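K.L.:
Can you make the complete structure from the sequences, with help from the hints?
Protein chains: 2
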Amino acid sequence: MDVKNGLGVPQETLDAEVKSFFESAPPLQNRDDISGKLEEFVERNSAVSGNGRGRRVVCVTSGGTTVPLEQRCVRYIDNFSSGHRGAASTENFIKAGYAVIFLYRRGTYQPYCRSLPEDPLVECFEITDESNIQVRQSHAEAVKKAITEHHAAVAEGHLLKLPFTTIFEYLQMLQMIGVSMSRLGANAMFYLAAAVSDFYVPWKNMAEHKIQSASGPLDMRLVQVPKMLSVLRKDWAPLAFCISFKLETDAKILLEKADVALKKNKMHMVVANELSNRNEEVVVVTANEKISVRRDKTQA
Amino acid sequence: MDVKNGLGVPQETLDAEVKSFFESAPPLQNRDDISGKLEEFVERNSAVSGNGRGRRVVCVTSGGTTVPLEQRCVRYIDNFSSGHRGAASTENFIKAGYAVIFLYRRGTYQPYCRSLPEDPLVECFEITDESNIQVRQSHAEAVKKAITEHHAAVAEGHLLKLPFTTIFEYLQMLQMIGVSMSRLGANAMFYLAAAVSDFYVPWKNMAEHKIQSASGPLDMRLVQVPKMLSVLRKDWAPLAFCISFKLETDAKILLEKADVALKKNKMHMVVANELSNRNEEVVVVTANEKISVRRDKTQA
Numbered sequence: 052m053d054v055k056n057g058l059g060v061p062q063e064t065l066d067a068e069v070k071s072f073f074e075s076a077p078p079l080q081n082r083d084d085i086s087g088k089l090e091e092f093v094e095r096n097s098a099v100s101g102n103g104r105g106r107r108v109v110c111v112t113s114g115g116t117t118v119p120l121e122q123r124c125v126r127y128i129d130n131f132s133s134g135h136r137g138a139a140s141t142e143n144f145i146k147a148g149y150a151v152i153f154l155y156r157r158g159t160y161q162p163y164c165r166s167l168p169e170d171p172l173v174e175c176f177e178i179t180d181e182s183n184i185q186v187r188q189s190h191a192e193a194v195k196k197a198i199t200e201h202h203a204a205v206a207e208g209h210l211l212k213l214p215f216t217t218i219f220e221y222l223q224m225l226q227m228i229g230v231s232m233s234r235l236g237a238n239a240m241f242y243l244a245a246a247v248s249d250f251y252v253p254w255k256n257m258a259e260h261k262i263q264s265a266s267g268p269l270d271m272r273l274v275q276v277p278k279m280l281s282v283l284r285k286d287w288a289p290l291a292f293c294i295s296f297k298l299e300t301d302a303k304i305l306l307e308k309a310d311v312a313l314k315k316n317k318m319h320m321v322v323a324n325e326l327s328n329r330n331e332e333v334v335v336v337t338a339n340e341k342i343s344v345r346r347d348k349t350q351a
Numbered sequence: 052m053d054v055k056n057g058l059g060v061p062q063e064t065l066d067a068e069v070k071s072f073f074e075s076a077p078p079l080q081n082r083d084d085i086s087g088k089l090e091e092f093v094e095r096n097s098a099v100s101g102n103g104r105g106r107r108v109v110c111v112t113s114g115g116t117t118v119p120l121e122q123r124c125v126r127y128i129d130n131f132s133s134g135h136r137g138a139a140s141t142e143n144f145i146k147a148g149y150a151v152i153f154l155y156r157r158g159t160y161q162p163y164c165r166s167l168p169e170d171p172l173v174e175c176f177e178i179t180d181e182s183n184i185q186v187r188q189s190h191a192e193a194v195k196k197a198i199t200e201h202h203a204a205v206a207e208g209h210l211l212k213l214p215f216t217t218i219f220e221y222l223q224m225l226q227m228i229g230v231s232m233s234r235l236g237a238n239a240m241f242y243l244a245a246a247v248s249d250f251y252v253p254w255k256n257m258a259e260h261k262i263q264s265a266s267g268p269l270d271m272r273l274v275q276v277p278k279m280l281s282v283l284r285k286d287w288a289p290l291a292f293c294i295s296f297k298l299e300t301d302a303k304i305l306l307e308k309a310d311v312a313l314k315k316n317k318m319h320m321v322v323a324n325e326l327s328n329r330n331e332e333v334v335v336v337t338a339n340e341k342i343s344v345r346r347d348k349t350q351a
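Residue numbers (this note's numbering), protein chains in the order written: chain A, 52 to 351; chain B, 52 to 351.
Since the hints were made in silico from the structure, they are not lab data. Watch out, some of these pointers could steer you wrong.
No copy labels: a pair is met if it fits in one copy or bridges any two.
[To be verified] With a straight-line Cα cutoff of 20 Å, these simulated EDC-like cross-link-like pairs (lysine to aspartate or glutamate) come out:
(1) Lys212 x Glu259
(2) Lys315 x Glu207
(3) Lys195 x Glu169
(4) Lys70 x Asp286
(5) Lys348 x Asp249
(6) Lys314 x Glu63
(7) Lys195 x Glu142
(8) Lys261 x Glu181
(9) Lys261 x Glu142
(10) Lys317 x Glu307
(11) Lys196 x Glu181
(12) Lys285 x Glu325
(13) Lys315 x Asp84
(14) Lys196 x Asp83
(15) Lys308 x Glu121
(16) Lys70 x Glu331
(17) Lys314 x Glu91
(18) Lys196 x Asp180
(19) Lys146 x Glu332
(20) Lys195 x Asp170
(21) Lys348 x Glu63
(22) Lys196 x Glu174
(23) Lys146 x Asp347
(24) Lys212 x Glu174
Keep in mind it's a predicted model, so treat the numbers as computed, not measured.
P.N.:
This is how it looks when you write it as structure tokens:
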């Protein structure tokens, strides 16, 4: 009746919270389409090839999830994340021979396009005197690299891009991916770089219409999102290798929180980031050690 | 002691709220740079040209503002807006002979780029057998139009683009633009299409570090953003022609709210939108009439 699971909450309470989250979430619009693409991608990449084994598959999550505050959504809470790390990691996984399912927030950085300006179409191109479009010399290398490498990854079938916006879309898609990748056993990896909301407003508690501003301050109560990483480990894809990320702004509590996340969610590895210097240094935390990794400044 | 201003709050209360908002806001990073660009743009476009008068200048605001929930910001509340209308209106104002200050949310739709796919660089271009970059035939017209018209507007000095993210950035920049455009008298227009937060967390009340999720539900109190449109009308640019937008999800209260906004903020015109059909029909509300405007379906 009171089985603990490392999360400090009884297993049946967590199960009930997870059930309630998914039952009350608005259904995915294009569930069948996503499901078809996923099945085909995992099936094809896991097929045994010339070297006698299938390709390893990693799901890279990237960008932040949103939490709607109204059902007909005008306002929402967002988690900041540019998606730069997820995009860069996707490129490196493909280079290392993985097939990548890139589960990304709409509008965040895309693989192979990180070194381009914010508004590439307007800034990288010009019109010649003969009314042709040409790439500006200053951006020629970056543009060619972006287009060539992106097209190659897609054409060779090693990159599947799936966009999300809300926490409801993200967790439903992560569940579908987990279940679909479970057949790969230990050939599956989850690299969970997305910034996922900790709090949400359950759909059924949500105001239908835009919240009105006429009558004084606005008081809101948000409830915790169930700890889905432990469900991914336990139920969706129990044999997959799982890496999660922990971001804090306060360096003093970071490593302790990373340790707790490792144990609570049974991750194989947690990458600890401090907001202010996360592009220069991270600490990789496993059950046995903490390894500090610094940017190689000799590289671009 | 109790002078009313149509807002239902004493004038001195509003003045105190406005003062407190600006004093507690984090200062703009690049204030001097923005100020220099603004002065030059307004000065040049208002100079009397061959036709004996200066160019009219309109400030188009576009996209939604964010409200940070933490000082070192990981989480924020956002207002949904693609910026499509602001971008489209900017194109039309330039075509009609206006100079446009486009105050837009980073990452939203840009003028001349509305008809392109979400990821134009990757979707519109391909590499030829000779390793050159070329535009895909299917997107050739749209890409050429986007680049040509955007470059022309910038090169002719009729378009100044200024990006914002937070409500603090937006209102400080709107104030700078208002004061800078006030010298144009009735040759100035404000076309306020941005989706601006009604509620915010004052900077000094804000948590410094990321809010922790360990201890149960999250209760938040947000306070109302002072009604800055009335300050724009009264103090910043009293002679400018001002158009604001009212978005509601509930059709029953929309026109009433638009009427209230017109009177409270002393707007010349309020464009009333209902979320679900805003791309097909809007109602233009003035002191004297309400004009329903429907999309011309014979146009693309």
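K.L.:
Could you work out which earlier hints the structure fails to respect and list their numbers in ascending sequence?
P.N.:
1, 2, 5, 8, 9, 12, 13, 14, 16, 17, 19 and 21
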